[in-house]
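The opening residue of the sequence shown carries number 1 in UniProt numbering; numbering runs sequentially from there.
Check each hint, because a few of them may be wrong.
Stated by the list, open to error - The calculated DSS-like cross-link candidates involving lysine-lysine, where the alpha carbons are at most 30 Å apart (straight line), are:
1. 12 - 72
2. 121 - 225
3. 225 - 112
4. 112 - 68
By construction, these hints were calculated from the structure, which means they are not laboratory data.
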Amino acid sequence: MNLTELLGNQSKSDNNLAGRMRLHQSWWRAFVLAEEQGQHPMKKDELIGSSILNGETSYSNFLDDYAKRAVKEELDGRGSASKGMISESRLFNNLLSSQPLCFNFFGRLKYKPELATAALKPFFPAIEQATDIHFEFAPNAAQNGDNSAHDVAIEFKTAAGKLGLIGLECKYTEPFSPKEYRNENYERLYTESDAFSATYEELTNTRYNQLFRNQLIVESAVLNKTYDLAYSGLFCFEKDDNALTKGTAFTSMLKNGEERFKIISYSALLETIQKQSIDWETREWTMLLWARYCATQLSEQLK
C-alpha cells in the first residue's frame with residue numbers, strides 16, 4: 001500500500017484551508033493513530049481519510065485522559081434542558097471537527113484550574129481564579145430565546161470576588177453559520193445592552209450572526225445578574241484568514257471591542273501554556289496539540 005492509499009480519501013470540494021487540514025488529519029490518523037479511514041460525516045456510504053472507526057469505544061480522537069474524562073462527564077451530565085448540540089458521531093469519529101478540538105485544548109484546563117488561570121489571564125486580565133470550564137454551555141439565565149451555546153465557557157472570579165464568564169466560539173475548518181437568525185429577544189437584548197456600536201441589521205447579517213448570538217449570551221447573563229462581568233471570544237487556527245477577518249470585523253462592531261471580545265489563536269494559547277512552570281506530562285500534551293492542530297509542516301511532503 002502506498003502513502004496516498006494510507007492517507008485515504010480526500011474531498012475535492014474543500015476550500016484551501018479545509019483541504020490542507022483534512023490531509024493533515026488524515027496523516028495523523030494513518031501515521032500517528034495507525035487506524036483505518038472512517039465513515040464520511042455527510043455521505044454515510046463513503047469513507048474519508050479524516051475520520052476514524054469506532055471512536056466511541058477507542059476514544060482515539062482525544063489526546064489525553066483529561067479530555068476523555070471531560071467528554072464522559074459532559075455526555076453523562078447533559079439533559080433535556082442542556083443548550084447547544086453535541087453530535088456524538090462527530091465528536092468521536094471526525095478528526096476534522098472542532099468539537100473534539102475543544103476537549104483536547106480545554107479538557108486538561110478544566111481539571112487544572114491553576115493552569116487554566118495562568119493560561120487565560122494574559123488574554124483576560126480580570127481573571128484572578130478560573131473556577132470551572134464547560135462545553136456547549138449557555139447559562140440558564142441567558143434569555144436570547146434559542147439553543148445557542150458557547151463551544152467552551154470559562155467561569156472565573158476576579159480579585160474583588162466578582163463572578164465572571166468567558167464564552168468562546170471555537171473554529172477549526174467549519175465556516176460560521178450562514179443563516180440569518182432574528183427574533184424579538186435578540187432585538188430586546190441588543191437594545192438593553194450597551195455592548196454594541198453597530199446596527200442590529202449589521203450584526204444579524206450572515207457574516208456576523210453567529211458571533212452576535214454568542215455575544216448576546218454573555219450580555220444576557222450580565223443583564224440578569226447571573227454574572228458580574230462577561231467576555232466573549234474566538235478561538236481559531238492562526239492561518240484561518242476567514243475566521244480572523246470576521247473576528248476582527250466583529251470586534252470593531254462592539255464598544256470597547258478589544259476588551260469585550262478576544263481573538264485567541266491555537267499557537268498563542270500553546271505559547272502561553274508553555275511559558276508556565278509545567279510538568280513534563282503537560283509539556284508533552286502541548287506538543288501533541290501543536291503536532292495535531294498547528295504543525296502542518298509534518299504532513300507537507302504528502303501534499
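Hints violated by the structure (listed by number, smallest first): 1
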